[in-house]
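*Asks:* Start from chain A and add chain B according to the hints.
Residue numbers (this note's numbering), protein chains in the order written: chain A, 1 to 535; chain B, 1 to 238.
Keep in mind the hints are simulated off the structure, nothing from the lab.
Incorrect hints may appear among the rest.
When the alpha-carbon atoms are kept at most 30 Å apart in a straight line, the in silico BS3-like pairs for lysine-lysine are as follows [to be verified]:
(1) B:K212 - A:K464
(2) B:K5 - B:K212
(3) A:K291 - A:K91
(4) B:K103 - A:K464
(5) B:K128 - B:K103
(6) A:K91 - A:K464
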Amino acid sequence: MNLTLSTRWRPGLWPGAIALFLLTAVIAGSLTALGALSDTAFIIATLRDPYFFQVVRFTLWQATLSTLISIILAVPVARAYARRPAFAGRKILITLMGLPVVMPVIVAVFGIVAVYGRSGLLNFLLQPTGISMSFELYGLTGILLAHTFFNLPLAVRLLLPAWDQITNENWRTASTLGMSSTQLFRFIEWPALSTFLPGVIVVVFLLCFTSFAVVLTLGGGPAATTIEVAIYQALRFEFDPAEAAVLALAQLLLCAGTALLLIRWMRVLSQTSGRKSDSRARPDTGARAGKLFDFGVIGLCGLFVFTPVAALVISGLQGPVAAVLLDTDLWQAAARSLGIALMATSLAGIMALGIASTARFLVLERRQKNAKEGLLLAGSLTLAFPPMVIGTGFFLISLHLKAVDTITLLMIAVVNALMVLPYILRSIAPVLIDSGQQYQKLCAQLGLSGWHRFRQVDWPMIRKPAAFSLALGGALSFGDMGVAALFDTTGHITLPVMLYQRMSAYRFDEAAVTALALVLMCVALFWILDRSLSR
Amino acid sequence: MNFLKIDGVRFRQGEWQLEVDLEAKRGGCIALIGPSGAGKSTLLSLIAGFEQPNQGTIFVGEERIDTQAPARRPVTMMFQENNLFNHLTLYQNIALGCHPGLKLTEEDRELIETAMAATRLGALQSRKPADVSGGERQRAALARCLCQRRPLLLLDEPFTGLDPQLRVEMHELVDELRKTHALTVIIVSHLPHEVARIADSLAFMLGGKILKAGPADAMLSHPENPELAQYLRFTSAG
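Pulled out of the complex, with its shape left as it was, chain A reads as follows (with noise of 0.2 Å):
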C-alpha cells in the first residue's frame, strides 16, 4: 500500500533498525575481541597444531555420523506415524517427543546415563540374563546415544508434515494401479520426503556440530573433543585466551557456512501433526506386517526415547530429595537461572517483535519485499554465530575489563536472548505480517496504529505463536549450561551448571534430585509463560 507522504514516514524503520543494531554491535563487539587476540602468526601456528585438526576432524565426524543415525532412524518413524494417523495416544506420543527439545542438555545426558551407564538401567535389567553392555558410553558412543536421544524425535516431528504434501487423489490411484507399500515409498513417498531431507538433515547438522555440553560430559576425553569444548578447555583449564580465540574463530567460519545452506531450505521447515491428508485413502495401511512394523517402531521410538526421562524421575525420587531441596545454593542457582531466562526472553521478544514489525513496514507500505526478507535473515543471524563464540568475545572482553563476576548474569542473558531470536522471529514475523495484509486497509482507515493496533489486532493475532514460542525460550535458557559454564567461577552459578558440577565430582544422588528438580522448574516455566502470556 502506497500511504500518503504523512504515513509513510512514519516511524516505521526505527523498532528494525534498534533491534538489528543492538544484534550487530554485540557480534561485531564479540569477533572484535576475538580478532583483537588472534594475530597472523599466532593463527597459523595454531592451524598447523595436530591438536587443532583432530578437534575439528573430530567435531565433523561425530557430527555427522549423528545426523546419519538420527535420520535414518527418523524416516521409518515419521513414516509409521503419518501411516497410522489415527490411534489412541498418537497426539499425545508427539507432542512428548517435543521432551528432548525443551529438555535441559545437561539433565538428558543425566537421564541417558542412568539408563546406559555401567550401573544403568539397562544392566540392571540384563544382570538375571547374564549378559553385560560393554560398551564405553564415555566417548564417541555415548555422544552419539545422546545426540540420538535429542535429534531423533526432532527430525520425526521436522518431517512428519512431508506427508502432508501428498494428496488424497494420489493416494487414490495409487490404490487403483495396486501399488505395493515399497513402490508407495519410491513413487510417492520419497518424493515429498526428498524436499524435506536437506533442511531436516542442516538443522541436525548444525545442532550436533554446535552441540556443548553432551561432548563436554559424554566426552571423556581429548580424542573426543569438539571445538565448542576446546574452546572452554583453553579458557577454563588452559587459561589460553588466543587459543580459544583461533578456535572461535575457526568455529563460526564452519557454523556460518552451514547456516548459509540452512537458509535457503528453511521454508520447508514446518511443523504440523501430519495428518492434513487423509491416509486412510492408502491402499497398505491394512497389512498385519504393516501395522506390526509401524507400531513396532513407533514403540521402540518412545522406549528409546522415554526410558532416560523414567530413570531421571525414578533416580531423582529415590535420592536425598530433602536434603538436596533444603540446600539454599540450589535455590539461589535457580534464581539466578529464572533471571537469565526472564531477560533473555523479553529481550529477544522484543527484538523479534521490532524486526517483525520493520520487516511488515518494508513489505507493506514500502513494497520492498527483498528488503523484509533481508531483514527477517539479519534476524536470524545468531545461526551463523554459535553462542559459544559470541560468549568466548564477550567473556574476553569481561577479562580486559576486568568485570567477569560482575556483569556475569547480564552476559549470560544476553547470549542466550541472541540464541533464541530466530526461533521467536520465525514464529512471530509470519503471523504479523498475515495480520497486516488482512488488516492494513482497515487499521489505516481506522486510524489504529502504534500501541492501539498493538493491543486491539496485532496482540491477539500473534498471542499463540509468541507465548509458545517465548515459553520455549525461556525453558531453553533456564536449562542452557554452554554459555553459563564459561563464565562460571563458582561452580554453582545457574542451576545446570550446578548439576553439571555435581555430576563431575561424582555426587550422583544429589545430582538426581538437582536434575529432577532442574526439569521440573523447565516444565514449569513453560507452562507458567505459555499459559499466562496466551490467555
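*Replies:* This is chain B only, laid out in the frame that chain A set:
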C-alpha cells in the same frame, strides 16, 4: 455545490494509468461500474487514502483531503472482505469506529446502540464474526461506518459474496442509512441493474478512465457508448 470533487487525478502503476475527474453532490449515490481492471477499486483507494495520486486534487467540501492520512479523511470504506477483526466481538468491531483504543464515552455507547439498531444487529453484539452470517457481518461493518460519523461512504463490492435476495436487502439498508444520515455514497459494483435501484447516477470505467457518466436510468436504458452497451449486454446476460 459539489460535495466531492476529484480534479485531474492521475495515478500510475507500472504501464497502467488512471485518469479521473469526478464530482458528487451531497447525499447522492454514484455507482462505479465496469469490467475488472477498469480502475474502480483503485479510484476508491485514492479517495480513501490507501493510494497516493501522482497528480491532481481531491476535495470533500472545502477541505483538500488527498494529502491526509486515511484515518483523518472524512471518508469511511467497506471492503469486499476483512471488514471485521475476527478475534473481536461485533460490538467491539463497531465500537472501534468511535475510538481506536475502545475507550468509550456514554455518548459513544449511545451512538453504537443506535447504529446497531439501525442495522438490526441488537441481539448479536457479543457474537464474533465467525458466528454470524455473511449479511450480518456486512451489517456490522456498516454499523461501524455509521459510528465513524464520516459524511462520505465508499463501498468496494461489499455485498458480492451474498445471495441475490440478501444483496437487495443490503442495498436497501444502505439507501435507508444514506437518507437518514445524509451520507454521500460511492459504490463499486459488477451488477449495474441491481445497484441502479439505489444509485442516482452511474459512472462507467474502462482502462483507468470514466468513459461515460450520467443518470442511472438513462445510462441503462440508452447506453450510447458502444463499450458500455457491450458491457451491459454481458452483465445482464450473466
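*Asks:* Decide, hint by hint, whether the structure agrees.
*Replies:* Evaluation of the provided hints:
Under the criterion of a C-alpha separation no larger than 30 Å, the hint pairing K212 (chain B) with K464 (chain A) is inconsistent with the structure, at around 51 Å. In summary, the hint linking K5 (chain B) to K212 (chain B) is supported, as the alpha carbons are separated by about 17 Å, within the 30 Å threshold. Taken as a hint, the K291 (chain A) and K91 (chain A) pair is honoured in the structure, with Cα atoms around 18 Å apart against an allowance of 30 Å. A C-alpha spacing of about 25 Å is found between K103 (chain B) and K464 (chain A), which places the hinted pair at or below 30 Å, so the restraint holds.
Of the supplied pair hints, the one linking K128 (chain B) and K103 (chain B) holds, its CA atoms being roughly 20 Å apart against a limit of 30 Å. As the CA atoms of K91 (chain A) and K464 (chain A) are separated by approximately 19 Å, the hinted pair is consistent with the 30 Å bound.
Hint 1 from the list above is the single one not met by this structure.
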